[in-house]
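**Q** In order, the protein sequences belong to chains B and V. Residue 1 is where the first sequence starts when you use this note's numbering, and the numbers rise one by one after that. Residue 1 is where the second sequence starts when you use this note's numbering, and the numbers rise one by one after that.
Read the hints as simulated data drawn from the structure, not as lab findings. Honestly, I wouldn't trust all of these hints.
Said to hold, decoys possible - So the derived label-pair ranges between C-beta atoms look like this: (1) V:127 / B:137: 21 to 31 Å; (2) V:66 / B:9: 37 to 47 Å; (3) B:6 / V:52: 50 to 60 Å; (4) V:62 / B:145: 46 to 56 Å; (5) V:97 / B:162: 27 to 37 Å.
Said to hold, decoys possible - Derived list of chain V stretches under chain B, where covered just means 3 residues or more per stretch with a C-beta under 8 Å from a C-beta of chain B: (6) 74–81; (7) 94–102; (8) 108–115.
Note that beta-carbon positions come from the ideal geometry of N, C-alpha and C, so glycine has one too.
Single-letter residue listing:
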Amino acid sequence: MPIDQQLQRVLIGEVARCMVTHAEELTALDQAIGDGDHGLNMKRGFEAVLAELDKTAALPMNEALKAVGMTLVMKVGGASGPLYGTLLMTLGKTFPELPTRVAIAQAFSAAVDAVKARGKSDVQMKTMLDVLVPVLATLSAGGANLYARLRASAESAAAATVPMQAVRGRASFLGARSVGHMDPGARSSWLMIQTVVDVLERGGSAMKQDENRAASR
Amino acid sequence: MTSRNAKKALANVGIVIVSHSPDVARGAADMVRQMVGNDVPLAWCGGAPGGGLGTNVEAILAAIDQAWSEAGVAILVDLGGAETNSEMAVEMLPHERRARVVICDAPVVEGAVMAGTEASAGSTLDQVRRTAEELRAR
């Protein structure tokens with residue numbers, strides 16, 4: 001799917017606003033099992049992203065991803081800054097010129113690997129990776145109703161972190177007491193993916209309508 | 001600081017203290033300073049960008065710069081985000097500096113004091129790190 005500047009602006013803006021809107025919910029999740037700052041940190045980072053939206057919307061997509069990632073690294077103030085920052089900066093570095101599903105899946109795979117390295121973490125550790133990895137698998141597999149399946153896969157993967165026991169980060173201090181709460185990073189990843197999918201679906205169908213209109217003229 | 005001390009400080013491993021709380025970081029730095037005087041380049045940072053509890057990559061980079069020594073810099077951190085942000089900062093250093101900075105797996109206050117004491121004896125970066133890490137929670 002082509003990503004024009006308008007769509008890129010909506011993508012970055014919607015993801016950032018979603019994180020700001022859900023700050024309290026993310027903080028409440030993090031107070032249950034972490035150090036209670038995830039929502040606040042994401043809000044601070046993504047408010048900085050919103051402040052630079054005019055600049056990043058005008059950049060080529062790969063440069064925009066790198067710029068948003070760097071803003072998160074510099075402004076978030078917690079581990080989620082380098083983690084989401086690394087995800088987006090690596091996605092920017094590997095983002096294909098021709099963004100087909102297969103090419104985007106390859107770039108996303110590189111980005112997820114970089115997050116694993118940054119967090120010295122992997123799946124089943126009750127982290128954002130427990131959402132990112134299943135979503136990557138769905139994206140790589142492709143097939144019909146992809147947008148709906150990406151949303152479903154993010155949602156069920158986040159829900160699957162509830163019974164997990166944390167082994168990374170502050171939540172790991174809690175041991176068995178971390179069981180029974182959704183991981184805040186899994187929740188923010190789910191929100192992010194849901195927002196991206198929603199925007200692309202709307203953008204894609206709007207573009208199809210434009211094409212249909214153009215074709216019927 | 002006399003010029004002889006200044007020269008000695010430059011030759012010793014530097015210490016950087018990174019805490020979510022500026023009060024904790026400053027307090028730990030005070031304790032190190034009391035132990036080792038001005039023999040060790042020392043810097044601290046704490047707090048999120050724009051205030052509040054957290055850590056700040058830009059401030060960590062500035063602290064590394066402030067405590068820079070040709071012998072290297074040992075960083076002491078508190079909770080997870082301090083470690084991840086410090087690792088990010090180290091990666092953003094100029095290439096020639098990157099290999100001469102280590103993040104110690106040690107409690108921040110005791111680790112800083114032990115590392116500072118070891119550094120003041122003119123020990124190598126690796127020795128400083130190992131001394132701090134003897135305190136690691138097992």
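**Q** Apply the coverage criterion to the region 94–102 of chain V and chain B: a residue qualifies when its Cβ sits closer than 8 Å to a Cβ of the chain, and three qualifying residues are needed.
**A** violated (count 0)
**Q** Taking 8 Å as the C-beta cutoff, is the stated coverage of the region 74–81 of chain V by chain B satisfied by three or more residues?
**A** As far as the region 74–81 of chain V goes, the hint holds, because 3 residues have Cβ atoms under 8 Å from chain B.
**Q** With 21 to 31 Å as the target window, see if residue 127 of chain V and residue 137 of chain B comply at their CB atoms.
**A** Roughly 46 Å apart at Cβ, these two residues miss the hinted range, so it is violated.
**Q** Verify the CB-CB distance for residue 6 of chain B and residue 52 of chain V against the hinted window 50 to 60 Å.
**A** With a Cβ separation near 35 Å, residue 6 of chain B and residue 52 of chain V fall outside 50 to 60 Å, so the hint is violated.
**Q** For the range 37 to 47 Å, tell me whether the beta carbons of residue 66 of chain V and residue 9 of chain B fit it or not.
**A** 39 Å, holds
**Q** How does the coverage statement for the region 108–115 of chain V fare against chain B, requiring three or more residues with Cβ below 8 Å from a Cβ of that chain?
**A** Violated - the region 108–115 of chain V has 0 residues with a Cβ nearer than 8 Å to chain B, which falls short of three.
**Q** Lying within 27 to 37 Å: is that true of the beta-carbon distance residue 97 of chain V to residue 162 of chain B?
**A** 43 Å, violated
**Q** Between the beta carbons of residue 62 of chain V and residue 145 of chain B, is the distance compatible with 46 to 56 Å?
**A** 50 Å, holds
Comparing the model with each numbered hint stated earlier shows that hints 1, 3, 5, 7 and 8 do not hold.
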